[in-house]
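Chains as they are written, first to last, in the working numbering: chain A, 361 to 490; chain B, 2 to 266.
Quick caveat, the hints were computed from the structure, so don't treat them as lab data.
Built from N, CA and C at the ideal position, the CB exists for glycine as well.
One should not assume that every hint holds.
Unchecked claim - Derived list of chain A stretches under chain B, where covered just means 3 residues or more per stretch with a C-beta under 8 angstroms from a C-beta of chain B:
| hint | stretch |
| --- | --- |
| 1 | 373-383 |
| 2 | 393-405 |
| 3 | 418-431 |
| 4 | 435-444 |
| 5 | 477-483 |
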Amino acid sequence: MVINNKERAEMLRQLAGTNVSLCIQCGRCSANCPVAWKMDVLPHRFVYELLNGGNVDVLLEAKSPWKCLSCFSCAERCPKGVSPAAIMEAVRLTHIRAQGNNKLNPADLENYDDKMPQQAIVAAFRKFNK
Amino acid sequence: MIYNYYPGCTLSTKAKELDVAARKCAEALGFPLVELPNWQCCGAVYPMAPDAIAERLSAVRALVAARDNGGVLVTLCSACHHVIKRVNDDMANVKEIQQKVNNYLGLEVPYTGETKVLHYLEVLRDVVGFENLKAKVVKPLQGRNIGAYYGCLLLRPGQVMSFDDVERPEILENFIKVIGATPVIYDMRNECCAGYMAVTDKNLCKEMVSEIQDNAADAGAGEFITACPLCAYNLLENAGATKLPVSYFTEVLAEALGLNEGGAD
Numbered sequence: 361m362v363i364n365n366k367e368r369a370e371m372l373r374q375l376a377g378t379n380v381s382l383c384i385q386c387g388r389c390s391a392n393c394p395v396a397w398k399m400d401v402l403p404h405r406f407v408y409e410l411l412n413g414g415n416v417d418v419l420l421e422a423k424s425p426w427k428c429l430s431c432f433s434c435a436e437r438c439p440k441g442v443s444p445a446a447i448m449e450a451v452r453l454t455h456i457r458a459q460g461n462n463k464l465n466p467a468d469l470e471n472y473d474d475k476m477p478q479q480a481i482v483a484a485f486r487k488f489n490k
Numbered sequence: 002m003i004y005n006y007y008p009g010c011t012l013s014t015k016a017k018e019l020d021v022a023a024r025k026c027a028e029a030l031g032f033p034l035v036e037l038p039n040w041q042c043c044g045a046v047y048p049m050a051p052d053a054i055a056e057r058l059s060a061v062r063a064l065v066a067a068r069d070n071g072g073v074l075v076t077l078c079s080a081c082h083h084v085i086k087r088v089n090d091d092m093a094n095v096k097e098i099q100q101k102v103n104n105y106l107g108l109e110v111p112y113t114g115e116t117k118v119l120h121y122l123e124v125l126r127d128v129v130g131f132e133n134l135k136a137k138v139v140k141p142l143q144g145r146n147i148g149a150y151y152g153c154l155l156l157r158p159g160q161v162m163s164f165d166d167v168e169r170p171e172i173l174e175n176f177i178k179v180i181g182a183t184p185v186i187y188d189m190r191n192e193c194c195a196g197y198m199a200v201t202d203k204n205l206c207k208e209m210v211s212e213i214q215d216n217a218a219d220a221g222a223g224e225f226i227t228a229c230p231l232c233a234y235n236l237l238e239n240a241g242a243t244k245l246p247v248s249y250f251t252e253v254l255a256e257a258l259g260l261n262e263g264g265a266d
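Same shape as in the complex, but just chain A (with noise of 0.2 angstroms):
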């Protein structure tokens, strides 16, 4: 099945659940995040992408939700109350739920150090396995 564009923001808003039309585009949200700085696309950028006449392969190719740390700064601090976070998980969603699109394997567990808390890993294997 091959879907458009359009099609393809429709189906990422729908699982994002946030209100992208609400955007103002004041930037805020790249402004606070803290990972921004080893991002290749923005976190604005993943709510721009999705108003009309956006280009959602952008969003589909970018490496910035692998980065992303779920802290919640970007949908906290947005003004309209848009949540640029949810749209990440949207994209990464998009990826590990495809079969065989894991990017993270319990074969990799063996290289952690002892300290390192279940929270930590729970945490990892549910962002970046499925």
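Assemble the complex: chain A is given as a structure, and chain B must be docked to it using the hints.
Leaving out everything else, chain B in the frame of chain A:
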């Protein structure tokens, strides 16, 4: 009141100190914690997608068990608190999630977010009361300059967590005063430690933690306290040149209440 307690995965293993001190202090302060039977891991991260139903179930099961045993659920780990409180909010306010979860669980009485979720710090502040707590301090931690590290999950999103002012929190600073130490306010106290990147990107953690450590040390802090096992891990294990010690807030509480005698710790 029954204080149903959700320890979570890490408090039973790598962060036992947080749990042991919490139970001991709760007992001494008159709100003994009753561990929920058969609790399951909360999943550590809040599932943001509205269609992620399975990921919300363990939190709902804990919430239902607490509802059926008095209606209060106390949490301690920042991540557990974040996940359980947000899922509770979904169950109260997001019809589609509420309906799907209830359809799946087939409970005798459907769950619609009735349980009151309290973080341990909220119990100290709002049930015990900081003034009453102060009266029970036998070993004030005089001369200690403590930087409270809130991290990201305990406070955000402010509207749902309704824990404290998201940008100018004071609950931990007030707690530090109550136990006789001096709170040190530094700008990065409510910024993320890099969280689960500990698993996939250690270098990123090191860069971010170095900034937090330097920021706190520059402001005059001699040590950190936190409520989150992952924050504690990152602050210690991924520190750079500056490496202030880290304790859980329940450990310093036990110390101030004189509950560490006999070398139990």
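How the hints compare with the structure:
Check result for the stretch 373-383 of chain A against chain B: holds, 4 residues qualifying (beta carbon to beta carbon below 8 angstroms, three or more required). Judged by the Cβ-Cβ criterion of 8 angstroms, the stretch 393-405 of chain A is covered by chain B as claimed, because 3 of its residues qualify and three suffice. Taking a C-beta to C-beta cut-off of 8 angstroms, the stretch 418-431 of chain A contributes 5 residues in contact with chain B, enough for the three needed, and the coverage statement holds. Chain B is given as covering the stretch 435-444 of chain A, and this holds because 3 residues of the stretch bring a CB closer than 8 angstroms to a CB of that chain, at least three being needed.
Figure legend: the stretch 477-483 of chain A, annotated as covered by chain B; annotation consistent (7 residues with Cβ-Cβ distances under 8 angstroms, at least 3 required).
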